[in-house]
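Here the protein sequences line up with chains A and B, keeping their order.
Our numbering applies: residue 1 is where the first sequence begins, and numbers increase by one.
Our numbering applies: residue 364 is where the second sequence begins, and numbers increase by one.
Think of the hints as simulated: they come from the structure by calculation, not from any bench.
Just so you know, not all the hints are guaranteed correct.
[Said to hold, decoys possible] Cβ-Cβ distance ranges computed for the label pairs, FRET-style:
id	chain 1	residue 1	chain 2	residue 2	range
1	A	Q38	B	K400	50 to 60 Å
2	A	G101	B	Y381	40 to 50 Å
3	B	G697	A	A325	49 to 59 Å
4	B	K676	A	H104	53 to 63 Å
5	B	P591	A	Y128	24 to 34 Å
6	B	L582	A	Y128	15 to 25 Å
[Stated by the list, open to error] Simulated crosslink set (DSS-like; lysine-lysine; CA at most 25 Å straight-line):
id	chain 1	residue 1	chain 2	residue 2
7	A	K37	B	K365
8	A	K37	B	K676
9	B	K458	A	K215
10	B	K655	B	K515
11	A	K235	B	K400
12	B	K578	B	K595
13	A	K335	B	K698
14	B	K400	A	K324
15	B	K400	A	K95
16	A	K335	B	K400
17	A	K95	B	K595
As the structure is a prediction and not an experimental result, all values here were calculated from the model.
C-beta atoms are modelled at their ideal positions from N, C-alpha and C, and glycine is treated no differently.
Residue-level listing of the chains:
There are 2 protein chains.
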Amino acid sequence: MKNTYFTPGPAELYPTFYQHLQQAMDEQIGSISHRSKQFQNIYRFADEQLRTLLNIPDTHGIFFTGSASEVWERVLLNCVEYESFHLVNGSFSQKFYEYAGALHKHAHILEKPFGEGFDAADIEVPAYAELVCLTHNETSSGVQMRPTEMHKLKRKYPKKLFCVDIVSSAPYPDLDFSLIDSAFFSVQKAFGMPAGLGVWIANETCLVKAEHLQKNDSLSIGAHNTLPMLWKHYKTFETPATPNVLYIYLLGKIAEDFNRIGIDTIRKQTEEKARMLYKFLENSADYEPFVKQERYRSQTVIVAKTGLSDRIKSSDDAIAAAKKANMIIGSGYGKFKDSQLRIANFPAVSIEQVGALIEQLQK
Amino acid sequence: MKNTYFTPGPAELYPTFYQHLQQAMDEQIGSISHRSKQFQNIYRFADEQLRTLLNIPDTHGIFFTGSASEVWERVLLNCVEYESFHLVNGSFSQKFYEYAGALHKHAHILEKPFGEGFDAADIEVPAYAELVCLTHNETSSGVQMRPTEMHKLKRKYPKKLFCVDIVSSAPYPDLDFSLIDSAFFSVQKAFGMPAGLGVWIANETCLVKAEHLQKNDSLSIGAHNTLPMLWKHYKTFETPATPNVLYIYLLGKIAEDFNRIGIDTIRKQTEEKARMLYKFLENSADYEPFVKQERYRSQTVIVAKTGLSDRIKSSDDAIAAAKKANMIIGSGYGKFKDSQLRIANFPAVSIEQVGALIEQLQK
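Using the sequences and the hints given, assemble the complete structure.
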């Protein structure tokens, strides 16, 4: 019997994934040239579908990398001369910050404990920070930062570049790309695909900055997947090097499926399933939501505390209980591995499947 | 009717690819955690199979990146403090060289015209070059550098690090990894997979160098996929970020298939098919081999000149003739697009298929 993956990525594949994969194999997409008209059409299609889904204006390009983690590096190399600023409240926002250090940028940090979130009012952006690095959904702790707070912050600091990690939430967050300069995600989360493709959205202001930095002899914006090189090829829907053609094809198809359902419906379904999960955790004797304040609670990665009862002493007990019914849930991240659970709430799992998981955890 | 792709990558998928993909879907490999025991076993298996196939000793680790082009950047960042040295005789070795410039390394170049090759006797490695960058198979021009020449050169300069681009030839070249410090390839060429995974082989000497450079405050070895970080995770068959789990699984399976056939047989079959193609080109009134000297002729990407007869005035005529029989061959690269053909000779195409292509081109 097949498992249902409620893990926060890699995750359950989107139900239509298999038919799109079969179609791709029938069309021999794995063999076509990335310099062919056929590939340009695949890129254009994915671009159009993502643009519609995420409401991305013409000011922004959409580029492909090997992973979202690669984009941490690319955006720092291409958009920061000296200083970046990072909101850190978990392991992934921490890694984004550490990448800046590894690239010898002067990285400012505003830190909150694991499980706590940020509002615009909390934040003072350092005067010389060029790039503000935000994480919409901290996959490690299940904390979200609301887009309205991000937009408020950008309005306060309109001259700063804003980059948002939407790795484990896109297409859920309703970002206003007239304010957000760059964002990025990977396909193995809410898009329900296998891992191996990063998507980087960046606007012309980022490009201008990268072109400016490229002229500076005392620093390098890197050699591979630089923004000027990606953008140059993007104009004809090409990529500088051979990309993951098959996954770009599949991403376009799944984004099209999402558009057929409609982004509003997908967002409402996400919120409905999140409500079911949080309600269950709040009323359970075995679990409780790790994130206390409702406005910080992630809608796509729900984190639960275990160890409240003798029945469920650790995350292992809950994982084993779910596994009996072929449901795979994630452990906590890092030092919370044994004490927390992470339950992904992506479009690939239905309201019925979430209901079945809750029932199983109640047993 | 399905096409047979004789293109130099993306290329024809290896015949067993489809069954491995089906198996992977049945096992839900697209959903498993990259922090699971199951993934560690997949990485270990791919590592073992590649190690056997390419005769890689324990001194070398095997790592995964988004593409082979990414490795150009990674090896330069991690193994060069000031100076690299590049043999350039086509567009891809040129790009490797240009990456060094973009990273502000002092890049030395020894250049030969498109279509010509290198022998050890031609080459004097500059005194301060730290990394010697060789290209086994120049995909753009169909020129190979024989491994024996590479080994001879390394013996002359034993203190230099040697890195070999085997992108469009692996597993064909019989590299002696007691001499070659690093090599890399991508899976969409001779391994008959879709594009989206790079493989980087590097030894402990490269690691020591990277660790040394990492301590230097005046330069950065990058933040993503650095060699020390890749190696640290490699010890437990993990990766720093979420990798392309599915493709690593498939690569292991195809490498296993190659090992069942035996690398000697694969090399002999490659040479036999190359012989057939070159013989045809030499005896044809319509074509001739672009690479004049036999020892420089690539065994995996055969480049032909067109325009010798009224029948085949340009590469387009030949491509159209082959297309009629559902055979896809590649055009020349860059400025040779219209005047040359590139015919890939990878394990995915059989002696019979190469025979059928020759017959079709003769018609």
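Here is what the structure says about each hint:
For Q38/A paired with K400/B, a C-beta distance near 40 Å fails the hint of 50 to 60 Å. Separation of G101/A from Y381/B is about 45 Å and conforms to the stated range, judged on CB atoms against 40 to 50 Å. At roughly 57 Å, the beta-carbon separation of G697/B and A325/A lies within the given 49 to 59 Å, and the hint holds. One distance hint, 53 to 63 Å for the beta-carbon pair K676/B and H104/A, holds here, with the actual separation near 55 Å.
Evaluation of the 24 to 34 Å hint for P591/B and Y128/A yields a pass: the beta carbon distance comes to about 30 Å. Distance hint check: the CB atoms of L582/B and Y128/A are about 23 Å apart, consistent with the given range 15 to 25 Å. Straight-line distance between C-alpha atoms of K37/A and K365/B comes to about 18 Å, which keeps the hinted pair within the 25 Å bound. Between the alpha carbons of K37/A and K676/B the distance comes to roughly 23 Å, so the proposed pair stays at or under 25 Å and holds.
As the CA atoms of K458/B and K215/A are separated by approximately 19 Å, the hinted pair is consistent with the 25 Å bound. At roughly 23 Å between alpha-carbon atoms, K655/B and K515/B fall within 25 Å of each other, so this suggested pair holds. For the hint linking K235/A to K400/B, the alpha-carbon distance of about 43 Å lies beyond 25 Å, and the restraint is violated. For the suggested pair K578/B and K595/B, the alpha carbons sit about 16 Å apart, so the restraint of at most 25 Å is met.
For the given pair, K335/A sits about 56 Å from K698/B by alpha-carbon distance, which is inconsistent with the 25 Å threshold. Using a Cα cut-off of 25 Å, the hinted pair K400/B and K324/A holds, with the two alpha carbons roughly 19 Å apart. Distance hint between K400/B and K95/A is fulfilled; the C-alpha atoms sit about 23 Å from each other, no more than 25 Å. Among the hinted pairs, K335/A with K400/B is consistent with the structure: their alpha-carbon atoms are about 19 Å apart, no more than 25 Å.
The straight-line distance between the Cα atoms of K95/A and K595/B is roughly 16 Å, inside the 25 Å bound, and the hint therefore holds.
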